[in-house]
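Trainee: Chain by chain, the residues run as shown.
Number of protein chains: 2
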Amino acid sequence: MAEAFHFRIDATDGLARTGIIETTRGTIRTPAFMPVGTGGTVKALLPDMVRATGADIVLGNTYHLMLRPGAERVAALGGLHSFMNWPQPILTDSGGYQVMSLSGLRKITEDGVTFQSHIDGASHALSPERAVDIQRLLDADISMVLDECTPFPATPDEAERSMLRSMRWAERSKAAFVARPGKALFGIVQGSVYPKLRAQSAATLIARGFDGYAIGGLAVGEGQAEMFKTLDATLPHLLLDKPRYLMGVGKPDDIVGAVLRGVDMFDCVLPTRSGRNGQAFTWRGTVNLRNARHARDFRPLDAESSCPASRDYSRAYLHHLVKSNEILGSILLSWHNVAFYQELVGELRAAIAQKRADAFAVEFRRRQTEGDIPPLGGTAADGEE
Amino acid sequence: MAEAFHFRIDATDGLARTGIIETTRGTIRTPAFMPVGTGGTVKALLPDMVRATGADIVLGNTYHLMLRPGAERVAALGGLHSFMNWPQPILTDSGGYQVMSLSGLRKITEDGVTFQSHIDGASHALSPERAVDIQRLLDADISMVLDECTPFPATPDEAERSMLRSMRWAERSKAAFVARPGKALFGIVQGSVYPKLRAQSAATLIARGFDGYAIGGLAVGEGQAEMFKTLDATLPHLLLDKPRYLMGVGKPDDIVGAVLRGVDMFDCVLPTRSGRNGQAFTWRGTVNLRNARHARDFRPLDAESSCPASRDYSRAYLHHLVKSNEILGSILLSWHNVAFYQELVGELRAAIAQKRADAFAVEFRRRQTEGDIPPLGGTAADGEE
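Heads up: the protein sequence lines correspond to chains A and B, in order. The first sequence begins at 75 in this note's numbering and counts up one residue at a time. The second sequence begins at 75 in this note's numbering and counts up one residue at a time.
Treat the hints with caution; some may be incorrect.
Any copy, or any two copies together, can satisfy a pair, since identical chains are not distinguished.
[As the list claims (entries may be wrong)] Derived lysine-lysine pairs resembling DSBU-like cross-links, with alpha carbons at most 35 Å apart: (1) Lys-270 with Lys-397; (2) Lys-181 with Lys-270; (3) Lys-181 with Lys-429; (4) Lys-397 with Lys-316; (5) Lys-303 with Lys-397; (6) Lys-270 with Lys-429; (7) Lys-429 with Lys-397; (8) Lys-397 with Lys-181; (9) Lys-325 with Lys-397.
In short, the hints are calculated from the structure, not lab data.
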């Protein structure tokens with residue numbers, strides 16, 4: 075393990091890059107997908123199962139953890155790694171996004187944001203300084219600056235005002251960040267879908283200097299085309315030798331497109347949330363296990379996968395578990411989905427190293443649109459249609 | 075693996091016995107605790123996790139599986155072992171108990187019982203012949219005869235009428251059972267709390283001849299003292315060289331008492347159901363993880379356990395998961411509880427082999443009443459009380 079936070083690019087292919095981020099808690103292979111461990115747990119999965127999928131790092135949510143069990147308590151218990159039994163690297167967000175999307179009665183001022191907990195209605199405050207301190211208490215390997223999540227759509231004026239506030243908050247976050255060996259602080263580029271604002275935001279952050287740069291304020295309803303356009307306008311303004319993290323993204327196809335554009339890191343709740351809803355991501359697109367076509371299908375989701383959930387259980391069994399609302403259905407499909415996302419970034423890393431990233435993307439999109447394997451023939455006489 | 079169903083007693087201590095049941099799918103160490111895999115899943119646990127606790131056999135519920143996904147469908151998919159990815163032995167109950175406790179609008183006749191599914195209200199019928207056939211379709215290693223679950227309390231007349239019907243159904247179940255290598259059929263002794271009826275039931279079943287004998291109709295509200303009294307009155311009438319199975323029992327202390335009296339097999343939903351409700355069984359009694367005393371407790375449930383759930387996660391973390399209704403809380407506590415039950419029967423087997431079963435039971439009861447480890451001293455300033 076490294077003694078300092080370090081990013082190294084091992085190969086490039088067009089704009090895409092593959093390499094490693096070294097931290098004191100382990101090495102993160104990039105492009106990396108970070109499963110989301112919202113409230114101290116990647117939902118429905120044991121840490122060992124997450125690790126077995128090939129995940130090198132998970133994400134923890136400052137908003138959820140500050141409300142329950144509380145940052146000071148996590149610190150007293152030895153930090154988030156020990157608390158959730160995940161010794162590998164952890165990135166924490168700053169809480170800003172969830173404050174906007176989950177909490178009640180928010181009030182944003184230049185100082186920060188006050189809000190009511192979605193759990194018990196209690197009042198809480200988050201400032202750039204407090205957000206950074208919470209992440210220190212959690213012992214995050216990678217911390218994020220507090221930003222204001224610009225609503226979408228926003229007028230250029232609204233987007234500029236919001237971005238400028240985020241830049242002031244980034245400055246304060248950086249000032250509050252206590253440098254510790256191996257621990258990193260990432261800035262977050264804002265500016266909605268406006269290239270000029272994105273460029274200005276990137277320049278501001280780079281002038282201040284961060285260990286990595288995130289692109290925030292996307293995947294908020296703008297659609298994939300607009301998101302890719304914004305990435306195309308933003309990424310050239312970021313440093314080549316620092317990690318780039320596209321926050322909250324996304325669907326498998328979003329990730330492929332963003333990696334081709336030069337993004338190194340991703341996080342998203344989709345694999346676990348969809349897993350709890352009976353949906354599986356596969357190389358041939360999404361599969362809804364609730365659908366009756368699976369009721370008698372003895373085939374697994376993916377016989378070639380190294381994940382037991384994908385390989386060792388029939389679609390008929392998964393269908394049965396989902397229809398019966400069995401916890402094991404959530405477990406197996408979350409596990410399968412997280413494993414699929416890890417396979418996807420693993421294949422992307424290999425394709426970049428072998429200079430065939432574009433071909434991989436073309437073939438990936440072809441297979442995604444091809445659809446699921448054909449249903450088994452014949453009709454059975456045992457009832458369910 | 076054996077080619078035939080076989081029971082061998084290796085050691086006795088007083089009335090208690092330890093040995094093995096050999097089946098074509100593996101060896102079952104007795105006394106054995108069978109985790110309940112209601113609808114084709116031991117709730118909230120992967121089969122590998124169940125196996126890792128030391129469970130040699132699980133129970134499947136005919137009632138649940140006949141309703142969903144249906145016995146014929148399980149058969150078409152290769153049987154219950156393949157369906158739920160559990161290659162070790164499976165015992166299935168006959169469905170009688172759940173028909174009484176879960177279904178709507180029941181009608182019992184001499185032929186059998188018709189009832190409405192608790193899932194969709196559809197009408198179903200269960201007879202001794204159909205119950206045995208369903209269990210054959212599921213490919214159970216040990217099948218149970220259909221019995222009528224005598225309500226408690228019952229007058230001697232009611233209990234006798236009910237027991238005699240169960241005996242006629244046992245006869246029909248046996249006649250319907252297709253002998254297959256390694257597959258067993260157990261009879262079920264009924265007779266409520268009346269020694270004379272229990273003796274008569276046992277004699278009737280033994281005269282017909284079964285591979286093992288279950289004691290049914292207990293743990294239905296009669297209390298531990300009455301249950302033990304009934305066991306004392308029943309077990310002497312059973313054959314020494316056949317397995318004895320106390321159905322649906324029970325709490326750890328029930329199991330210890332029943333093993334001392336000569337019972338070999340148990341099943342109960344308590345470890346998994348309690349696990350989903352935030353309750354842990356331990357050597358020092360039950361522990362409610364919802365209690366705030368655990369909120370800052372960095373200690374695991376049992377540092378000496380070989381189960382990761384018991385050993386590698388703090389009480390504070392489990393408390394957090396339970397309070398947050400996280401699926402992982404159900405997973406970890408179900409795992410811990412099933413592991414504890416397996417540790418318990420493992421210790422009982424060792425104690426019997428070493429002729430110290432009584433001393434073990436005394437010490438077990440002392441530790442159970444001793445209560446949980448003392449809370450951590452001091453008060454923290456972080457809020458939760």
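Trainee: My question is about Lys-303 and Lys-397: at a cut-off of 35 Å on alpha-carbon distance, are they close within one copy, between copies, both, or neither?
Mentor: Neither: 40 Å inside a chain and 43 Å across chains, both beyond 35 Å.
Trainee: Between the shortest in-copy and the shortest cross-copy C-alpha distance, which are at most 35 Å for Lys-325 and Lys-397: within, between, both, or neither?
Mentor: Both: 24 Å inside a copy, 31 Å across copies.
Trainee: Within, between, both or neither: how does the pair Lys-270, Lys-397 come out at a Cα-Cα threshold of 35 Å?
Mentor: For Lys-270 and Lys-397, neither the intra-copy (50 Å) nor the inter-copy (46 Å) Cα distance is at most 35 Å.
Trainee: I want to check one pair: Lys-397 and Lys-316. Are their C-alpha atoms no more than 35 Å apart within a copy, between two copies, both, or neither?
Mentor: So Lys-397 and Lys-316 fail the 35 Å test inside a copy (46 Å) and across (39 Å) alike.
Trainee: Can you tell me if Lys-181 and Lys-270 fall within 35 Å by alpha carbon in one copy, between copies, both or neither?
Mentor: Classified as within; 28 Å inside a copy, 76 Å across copies.
Trainee: My question is about Lys-429 and Lys-397: at a cut-off of 35 Å on alpha-carbon distance, are they close within one copy, between copies, both, or neither?
Mentor: Classified as neither: same-chain Cα gap 44 Å, cross-chain 49 Å, threshold 35 Å.
Trainee: From the Cα coordinates, with 35 Å as the cut-off, is the pair Lys-181 and Lys-429 best called within, between, both, or neither?
Mentor: neither (49 Å within a copy, 71 Å between copies)
Trainee: Classify it for me, Lys-397 with Lys-181: is the Cα-Cα distance of at most 35 Å met within a copy, between copies, both or neither?
Mentor: Classified as between; 28 Å across copies, 42 Å inside a copy.
Trainee: Is it within, between, both, or neither for Lys-270 and Lys-429, if the alpha carbons may be no more than 35 Å apart?
Mentor: This pair counts as within: shortest intra-copy Cα distance 32 Å, inter-copy 83 Å.
Hint compliance for this structure: hints 1, 3, 4, 5 and 7 are broken, all remaining hints hold.
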